[in-house]
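Just so you know, the protein sequences line up as chains D and Y, in that order.
Counting from 1, position 56 in the first sequence corresponds to residue 56 in the working numbering; the numbering is continuous, with no gaps.
Counting from 1, position 62 in the second sequence corresponds to residue 62 in the working numbering; the numbering is continuous, with no gaps.
Hints are computed from structural coordinates only; laboratory data are not their basis.
One or more hints might be untrue.
Said to hold, decoys possible - If you anchor each label on the Cβ, the simulated ranges turn out as follows: (1) Y:I15 to D:Q14: 21 to 29 angstroms; (2) D:S10 to Y:R110: 34 to 42 angstroms; (3) Y:I54 to D:I13: 41 to 49 angstroms; (4) D:I13 to Y:S69: 46 to 54 angstroms.
Every residue, glycine too, gets a C-beta built ideally from N, C-alpha and C.
These are the residues of each chain, in order.
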Amino acid sequence: GQQLNQSPQSMFIQEGEDVSMNCTSSSIFNTWLWYKQDPGEGPVLLIALYKAGELTSNGRLTAQFGITRKDSFLNISASIPSDVGIYFCAGHRSNNLFFGTGTRLTVIP
Amino acid sequence: NAGVTQTPKFRILKIGQSMTLQCTQDMNHNYMYWYRQDPGMGLKLIYYSVGAGITDKGEVPNGYNVSRSTTEDFPLRLELAAPSQTSVYFCASRPYGQGNYGYTFGSGTRLTVV
């Protein structure tokens with residue numbers, strides 16, 4: 001199957017700090033998405049990227065679609081306690097979303 | 001709108017038993033999906049449907065069956081439960097159209113096979 005590698009696997013940060021995580025793939029995707037999953041819930045879409053090189057923001061979140069179409073990163077600025085959760089990247093191809101293994105974020109107040 | 005609704009939320013099955021996981025959406029989405037999520041992992045696609053009457057296999061379809069008789073409902077059937085099917089199952093949907101890849105997920109069914 002497709003391999004999407006996310007890093008880091010987990011992060012512990014102080015409230016107010018900025019966060020950066022990334023995702024790399026062995027193959028090309030035409031669409032990259034970032035999801036957040038809270039405990040006991042399904043993933044919720046944060047940002048969708050449709051074009052190589054695209055940089056998109058959603059509030060304190062910024063994501064970029066890599067030029068090679070094999071990578072993407074997500075930045076969260078000025079973290080707050082409710083940012084806690086697992087962040088997944090996903091690449092879309094052929095009616096399927098291929099998910100990364102997730103980055104678990106802990107925000108220390 | 002309720003979005004994507006999954007039932008039950010939790011279930012324990014004995015090896016060899018069968019069950020149906022229910023999924024319904026009220027957004028008139030054409031596409032529906034079933035994923036499973038094993039501990040510490042991302043989601044993997046089991047089956048998907050592009051519309052009523054049409055289904056297709058995903059990455060990990062073995063041991064499962066689906067049907068799509070209406071736009072709203074997309075049940076997932078386990079015929080002979082095995083411990084390897086212990087997982088959290090998510091149903092998702094999205095509208096038809098290029099660029100509409102923001103899937104809406106249900107809150108999941110946690111299944112344990114003992």
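Between D:I13 and Y:S69, does the C-beta distance stay in 46 to 54 angstroms? holds, 48 angstroms
Is it true that D:S10 and Y:R110 lie within 34 to 42 angstroms of each other by Cβ? violated, 22 angstroms
Distance restraint hint 21 to 29 angstroms, applied to the beta-carbon atoms of Y:I15 and D:Q14: violated, 47 angstroms
Whether the CB-CB distance between Y:I54 and D:I13 falls inside 41 to 49 angstroms: 45 angstroms Cβ-Cβ, so the 41 to 49 angstroms window holds.
Checked against the numbered hints above, the structure breaks hints 1 and 2 and satisfies the rest.
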